[in-house]
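K.L.:
Chains A and B, in that order, are what the protein sequence lines are.
Counting from 1, position 114 in the first sequence corresponds to residue 113 in numbering that gives the first Met the number 0; the numbering is continuous, with no gaps.
Counting from 1, position 185 in the second sequence corresponds to residue 184 in numbering that gives the first Met the number 0; the numbering is continuous, with no gaps.
Since the hints were derived computationally from the structure, they do not count as laboratory data.
Any given hint could be a false lead.
Said to hold, decoys possible - Computed cross-link-like contacts, DSBU-like style, restricted to lysine-lysine with a CA-CA straight-line distance of at most 35 Å: (1) Lys39(B) / Lys23(A); (2) Lys35(B) / Lys23(A); (3) Lys292(A) / Lys84(A); (4) Lys39(B) / Lys126(A); (5) Lys84(A) / Lys73(B); (6) Lys146(A) / Lys23(A); (7) Lys126(A) / Lys35(B); (8) Lys64(A) / Lys84(A); (9) Lys155(B) / Lys84(A); (10) Lys292(A) / Lys64(A); (11) Lys73(B) / Lys35(B); (12) Lys155(B) / Lys23(A); (13) Lys126(A) / Lys23(A).
To be verified - To list a few chain B residues with every Cβ distance to chain A over 10 Å, as calculated: (14) Asp131; (15) Pro137; (16) Asp178; (17) Glu201; (18) Ser216; (19) Ser233.
Beta carbons: idealized from backbone N, C-alpha and C, even for Gly.
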Amino acid sequence: MVAQETRPHRIDAAIPARAGAGLKAEHVNDILQTDADIGFFEVHAENYMGAGGMPHRQLETIREKYPLSLHGVGLSIGGEMPLDKDHLQRLAILNRRYEPGLFSEHLAWSTHDTTYFNDLLPVPYDKATLDRVCEHIDEVQTVVGRKMLLENPSTYVAFEQSTMSELEFLREITRRTGCGLLLDVNNVHVSCTNHERSAEDYLAAFPIGDVGEIHLGGHAPDIDDAGRPLLIDAHDREVDEAVWTLYETVIRQNGPIPTLIEWDNDVPAWQVLLSEAKAADTLLSQAAATHLKRAV
Amino acid sequence: MNASEFSPRVSADTFGRALWDPAAETPTGLVGPDGKTAPKRFNVYRNNVVASLSEALEQSFPAVGRLLGEDYFKALARAFVAEHPPRSPVLMWYGAEFGGFIERFPPLQAYPYLADVARVEWAWLEAYHSADALPLDPAEIGAVAPDEIGNIRFEKHPASCVFRSEWPIWDLVRANRFDPDANIEIDLEKPQSVLITRPELEVELMLLRPGGDVFLSALFDGGTLAEAAAAASSQVEEFSLSDTLSDCLANGVFTTLVKA
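If we strip away everything but chain B, and leave its shape as in the complex, we get (with noise of 0.2 Å):
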């Protein structure tokens, strides 16, 4: 050890400075065995901060990951860790800004439904790691007296997600990431709003029913029964509340009844 009060110190703003600008000197005071600065040595760990974030963005944007190709999503998560580099050491926390990000990219104009994509996987992600819940008995709903039924609200399962997106954004995800092999067309003249639950360990996503996002968004903001279909069926001529709210039972959207 010939450290001496002339040895450069190095803090760890230099060294977190110079992880990330890849054109920043590697900072004087880290050697090599020679005594040397070396900067092969200190890429490995700009390589493995910037290589380690991009692969875990890879994992939690896998159908962004397949619509750009492997060469461009590493491009763009490069230039996104630089811009939002992670705030917590938890990675499955990290990436709630990537489709803002995509959104206000450039070079990604031509792309606009990439942000709807990577915001679905986004949530799908959210609901893999929300607090366990039992989702409502259906049955219950069967238990309240006709008289009272109109009045009832719901409270949301955890991990229940309503998504509204002016793309096809139900046929976009499952074509790039939950059934690659369909040969789903895609229209993007058509838009999609899509449901994301997990009744019990696996995350279902499935395609709401024509006025379905105005009537869930109204239960989630804890309107009643009554007032969500209202709301449904005076935007969305088509609105089926039987079939809805089946569709919502059978997926454990809710966790608990609550009478007025």
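Next comes chain A alone, as it looks inside the complex (with noise of 0.2 Å):
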């Protein structure tokens, strides 16, 4: 590969136990006119799938200077059809080229027959779905040459046929598949909203010593038919105060975990989307001395 020949001094790949941002090509000459100090980068892989120009030299510059996260929204993984093994292919590609220090997907489907919906699509929690989930990440794993990390869903209906909750079904899979997760505070918060449940139970229950990487993202605010709350898992805001409010409370438990902050849609300006990853920090460097405190 052309990559490799040609590759410049690059950053440690490995992500730090701070707060990163997802890269948005507008904010990139921002990022490297100041220097941004910040923990790592985050990107869609499938914006970096074309075969060269503008994409690739962005994402290879920030790459010399910061650790990077390659984080899947299209394999797939809960389909009821065989992966793609096209889409695999190019994951893998871009694992090598790239060199990311954490790499996730989503527990969704987005693919059927040979249609691409473009969402992440919900999967029932019942054993025929386990199974094809974990054979799916087994694939995964094994084309990629590398653990892959997890991320619990934002939902906005359940499945009558589900079988099991949301946190055993993930157990199982890490369990059967080495995988790990990458947890999403505010999928928990939308979707315990969403469900009527308590996300401080489900964060107490989840399997936190699998976790990788955290997800904050912005919601945005529904009712449903019934006048219920609905939040919808949107990218196009600050986080929540009630998403903070859980996030401190996993981390001060659990000690600081790299953390993401999600902003894809009325992205803001780059300054804006810093000073939510700064929040972050203050928060995870809490944590760590709390941690730290409570070790000794």
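Dock chain one against chain two, each of which comes alone in its own frame, and use the hints as you go.
P.N.:
So this is what it looks like as structure tokens:
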């Protein structure tokens, strides 16, 4: 590969237990010009699947200076059909090319037959789905040649056919496949609100030892058919107060974990996104101090 | 978890079909916290699918969007998405059929140039993402012996593309995308052909001189410099080989010069 021959010096791949931000093309100049002080960047893998040009040039430049997390949004791990082999190869190539410190995908489906729906659609928590998801994750980890993190979803409906809780489902996946988890605290808040469960209980029972990364993002409030709150995982605004509170509890109890701020729609100026990341960084250093004290 | 063997199972088929069809009922078995079917909840997925794909098209086809206005573009995108759902999770490749769809879209028959605007925007996007390659050093031409020059061929840069139109496509795309403040006058009687290149990272869009489309198409098809020049001057009287060739070299149309 050309990238191998011309590879410049890169910063170490390991993602620190600090805050990072989702990389947006329109922020790259600001980031480089201000030499932004941030733990890492995360990109959606699908945005870097073109042959060449500006996206790869920007990502290479960012990768020289910052650790990178590669986050797939289109593999359809929860799909009923076999994984798209070409897409999996593209993910493997990006992993080799950019050497990300973390690699993650979603517990969701987005492709069926030949159609790609461009949304993270929910899966039933039953045995047939569990077996299939585990097979798919085994295949991903084999082809890509590394451990992946699986992200808990935001959901708006539940399946009557489900026989397990989401947590039972996730725990069984990690046990069988050895994959790690990406804990999206906003998704926890969104799903728990939407299904009238306690987010605190959910988080207290979450297999935190398997978590390699945390996501924080903004959601949009709505109401459902019966007038109950319905939260939508919109990634179009600041992280909600309730989500910050849940997050703080998680890292105080468990110590710092790499944390990403996601802001994908109505993307603000770089400084606004950076200040969200700084807020997470402050909580992370406090958590590190508390945790250290407790450990002693 | 109260699921039993009697709980309705929702397949991806059922879920997916209901996503595409706004008139379809919410599949039985998808419920809210009260255990009842929840159409408004299901509609979140429906909206996400259509709105996100429509937005992807808006980003790829801003000139079409500006010509049609936001509301019309959204309606058009919705119709396109229903007929041509994406086949790949790589959304940068979504919209190749948009030009053809616009051409056949009955309500837009009075605006026959729109399809070409979409096609040029698609070509621009392909150039933006195309493979990196070093353009040919113009000095290489100067080093070719005079008796060999007619027989040379060129390898095309992966980003290079010629687009021929019976419409003033260069003016339309500039006026609606790249230079909206320039007050460009659109004369629909004036056919234009454009050259799209990407010598480095920025995509360049330029108006081809008369006969430039014939000349470059011949070269891209593997013809020699003499063959391409002859084809262009036989079809277009005012074709200038030296001007057209120097434009091409200045804009990185080729990567390699191949001697016979």
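K.L.:
Against this structure, judge whether each hint is valid.
P.N.:
Structure-based check of all given hints:
no.	hint	result
1	Lys39(B) / Lys23(A)	holds, 31 Å
2	Lys35(B) / Lys23(A)	violated, 40 Å
3	Lys292(A) / Lys84(A)	violated, 48 Å
4	Lys39(B) / Lys126(A)	holds, 28 Å
5	Lys84(A) / Lys73(B)	holds, 33 Å
6	Lys146(A) / Lys23(A)	holds, 26 Å
7	Lys126(A) / Lys35(B)	holds, 23 Å
8	Lys64(A) / Lys84(A)	holds, 32 Å
9	Lys155(B) / Lys84(A)	holds, 31 Å
10	Lys292(A) / Lys64(A)	holds, 32 Å
11	Lys73(B) / Lys35(B)	holds, 32 Å
12	Lys155(B) / Lys23(A)	holds, 32 Å
13	Lys126(A) / Lys23(A)	violated, 38 Å
14	Asp131	violated, 4 Å
15	Pro137	holds, 22 Å
16	Asp178	holds, 20 Å
17	Glu201	violated, 8 Å
18	Ser216	holds, 23 Å
19	Ser233	holds, 36 Å
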